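**Student:** What follows is each chain in one-letter form.
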Amino acid sequence: MTTDTETLGIRGGTPIELPTIETDDGLETEELILNMGPQHPSTHGVLRLVLKLSGEKVVECVPVMGYLHRGLEKIFEWRTYHQGIRYADQADYVSNMLNEHAYTGAMEAIGGIEVPRRAEYLRVIVDELSRCASHLVWLGTFGLDVGATTPVLWCFRDREEILDMFEEICGSRMNFNYYRPGGLLYDFPPGLLGKLGRFLDRFEKHIDQDYVTLLDQNEIFLERTMGVGVIPPDIAKAYGVTGPMLRGSGVDWDLRRDRPYSIYPELTTVKPVVASEGDAYARYRVRLGEMRLAIQIVRECIDKLPGGSVRARLGHVWKCPPGESYYTVEGAKGETGVYMISDGRSPNPFRAKYRGPSFVNLQILPWLLRGRLVGDVVAILGSIDIVLGDVDR
Amino acid sequence: MVLSPPRSAIDIVALAQHVRAAVGDRAVVSVLHDLVVIDVPREGLVDVARLVRDDPATRCDLYSVNAGVDTGTGEMRSVTFVGGTTTHAFVMLRTSCSVEDPHVPTLSGVWEGANWCERETYDMFGIEFDDHPDLRRIFLEESFPGHPLRKSFLPPRSDARGG
Numbered sequence: 001m002t003t004d005t006e007t008l009g010i011r012g013g014t015p016i017e018l019p020t021i022e023t024d025d026g027l028e029t030e031e032l033i034l035n036m037g038p039q040h041p042s043t044h045g046v047l048r049l050v051l052k053l054s055g056e057k058v059v060e061c062v063p064v065m066g067y068l069h070r071g072l073e074k075i076f077e078w079r080t081y082h083q084g085i086r087y088a089d090q091a092d093y094v095s096n097m098l099n100e101h102a103y104t105g106a107m108e109a110i111g112g113i114e115v116p117r118r119a120e121y122l123r124v125i126v127d128e129l130s131r132c133a134s135h136l137v138w139l140g141t142f143g144l145d146v147g148a149t150t151p152v153l154w155c156f157r158d159r160e161e162i163l164d165m166f167e168e169i170c171g172s173r174m175n176f177n178y179y180r181p182g183g184l185l186y187d188f189p190p191g192l193l194g195k196l197g198r199f200l201d202r203f204e205k206h207i208d209q210d211y212v213t214l215l216d217q218n219e220i221f222l223e224r225t226m227g228v229g230v231i232p233p234d235i236a237k238a239y240g241v242t243g244p245m246l247r248g249s250g251v252d253w254d255l256r257r258d259r260p261y262s263i264y265p266e267l268t269t270v271k272p273v274v275a276s277e278g279d280a281y282a283r284y285r286v287r288l289g290e291m292r293l294a295i296q297i298v299r300e301c302i303d304k305l306p307g308g309s310v311r312a313r314l315g316h317v318w319k320c321p322p323g324e325s326y327y328t329v330e331g332a333k334g335e336t337g338v339y340m341i342s343d344g345r346s347p348n349p350f351r352a353k354y355r356g357p358s359f360v361n362l363q364i365l366p367w368l369l370r371g372r373l374v375g376d377v378v379a380i381l382g383s384i385d386i387v388l389g390d391v392d393r
Numbered sequence: 001m002v003l004s005p006p007r008s009a010i011d012i013v014a015l016a017q018h019v020r021a022a023v024g025d026r027a028v029v030s031v032l033h034d035l036v037v038i039d040v041p042r043e044g045l046v047d048v049a050r051l052v053r054d055d056p057a058t059r060c061d062l063y064s065v066n067a068g069v070d071t072g073t074g075e076m077r078s079v080t081f082v083g084g085t086t087t088h089a090f091v092m093l094r095t096s097c098s099v100e101d102p103h104v105p106t107l108s109g110v111w112e113g114a115n116w117c118e119r120e121t122y123d124m125f126g127i128e129f130d131d132h133p134d135l136r137r138i139f140l141e142e143s144f145p146g147h148p149l150r151k152s153f154l155p156p157r158s159d160a161r162g163g
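These protein sequence lines are chains A and B, in that order. Under our numbering, read the first sequence as residues 1 to 393, first letter to last. Under our numbering, read the second sequence as residues 1 to 163, first letter to last.
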């Protein structure tokens, strides 16, 4: 086995030596280097993990990223403000509406644009549906990771209905391009709210009956998630972990309540779901609870939905005034933020930084895997919920 | 109508006053929407960061992100966002360096999460974070020429510039 970094392909990394280690039973083992990905189905995209193993234990894990790097932030600088919305879609491609909200919100914060109330309510509805769509993808693929193959089919049945409704709303199933500075592109089509209400009833039943039965009563699932990948709260905070992972570690932190945006302060149903164990099972419970919470929030929004226009009048040519802002939304995976700077002259943003929650959450992986069994790698990585478009941008 | 900029849940002006008194003449403190903005020269960055983390009024324990900025005038900035989960204080730490001498101190000793975020800024802007434990490129290969998010770096015509 060669030891030079060229062969391992860790770009610019320090050379990995291969010391011999004494195991408990006195047998000498040599450290083994295992290459996982970038085409491994359990890495959820093109992530590559270089694992240093000693027997069944992981000694060190070096994630290698960048296979999906598209230069998103450079593209923002070379596109107008409006064109950038469509590129923000691509960052986390399973919860697109939330990315658009962060990008549009940063623009509106600089411009001081007021958004009609109806538009904000509709925004919250599509945000929460987008969150459900993202959690459903996670639930299905996490089931696959730990050996349950049925949930993915059932989850995609519900996700399919959400995407069908998004198609009716904005004409697209994936890159929606629905947000605009000062509101939304269109109002909901007639009849959609009734359809949405009926879907929510079905969806709620599916969560409480199907998913809970399939996973919570599955011995293998419980064995593989309980007590696996425990993150203590202070470690989670120091690593910048946000979203369901942070709440799964017992930290009651949700930007919808703690850095309020849009009309979330007016809603009575926004009660963050928190679990204190910090393991993969706690994260599963938090995400399941967030889907139930999303149903409540959407129902409240439908009840309170005001009338009126969905887009503020900004004139034919809207020019962003000079200034800067950092706007965050509680994304499906954590804090989705956009730091935007406008110089007031150019039609393009001077600088737009997109904070991908998956990227920052993934950072804790080497810490989590140190000393764990190699069989837990897939379960721990799966419980983080990464999307490589969001990691690499 | 709903006004968009994030609204602070706490008295942001009083908090800024408190931070201004605490940092003294080491930094300039201002307010942007619901953020306390601290402009600090790079020599004092780590001290002020520790203060923001440990002061009971801010207690910023949650690291958010680091963003590089190339102003196009020979000045480059490293902007760090942090938040306090108990105090609801959001702080933006801004420091700057020149293109000729692109060095700022790392904050990975203060917040563990700064590690990868600063590596990304190094990769994209070429800002070198002194004393960083693992400063190498994170997305691009080591042989990539230049740092793509600098204003002097022009993308190929057909690509990001849109034909």
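Simulated from the structure, these hints should not be mistaken for laboratory data. Keep in mind that the hints are not guaranteed to be accurate.
[What the hints assert, rightly or not] 25 Å max Cα-Cα, derived DSS-like pairs, lysine-lysine:
| id | chain 1 | residue 1 | chain 2 | residue 2 |
| --- | --- | --- | --- | --- |
| 1 | B | Lys151 | A | Lys319 |
| 2 | A | Lys74 | A | Lys205 |
| 3 | B | Lys151 | A | Lys74 |
[Said to hold, decoys possible] Facing chain A, according to a computed beta carbon distance under 8 Å, are these residues of chain B, among others:
| id | residue |
| --- | --- |
| 4 | Leu35 |
| 5 | Ser64 |
| 6 | Ala67 |
| 7 | Thr85 |
| 8 | Met92 |
| 9 | Cys97 |
| 10 | Trp116 |
| 11 | Phe139 |
| 12 | Leu140 |
| 13 | Gly146 |
| 14 | Leu149 |
| 15 | Ser152 |
[Unchecked claim] Some chain B residues flagged as far from chain A (calculated, every beta-carbon gap over 12 Å):
| id | residue |
| --- | --- |
| 16 | Pro6 |
| 17 | Asp34 |
| 18 | Gly44 |
| 19 | Asp55 |
| 20 | Ala57 |
| 21 | Val65 |
| 22 | Val82 |
| 23 | Val99 |
| 24 | Asp101 |
| 25 | Pro105 |
| 26 | Gly113 |
| 27 | Asp123 |
| 28 | Gly126 |
| 29 | Asp130 |
None of the values given here were measured: they were computed from a predicted structure. Ideal Cβ positions, reconstructed from N, Cα and C, are used throughout, including at glycine.
**Student:** Against the structure shown, which of the earlier numbered hints fail to hold, in ascending order?
**Tutor:** Numbers 2, 9, 13, 15, 16, 17, 21, 22, 26, 27 - these are the hints that the structure violates, sorted from lowest upward.
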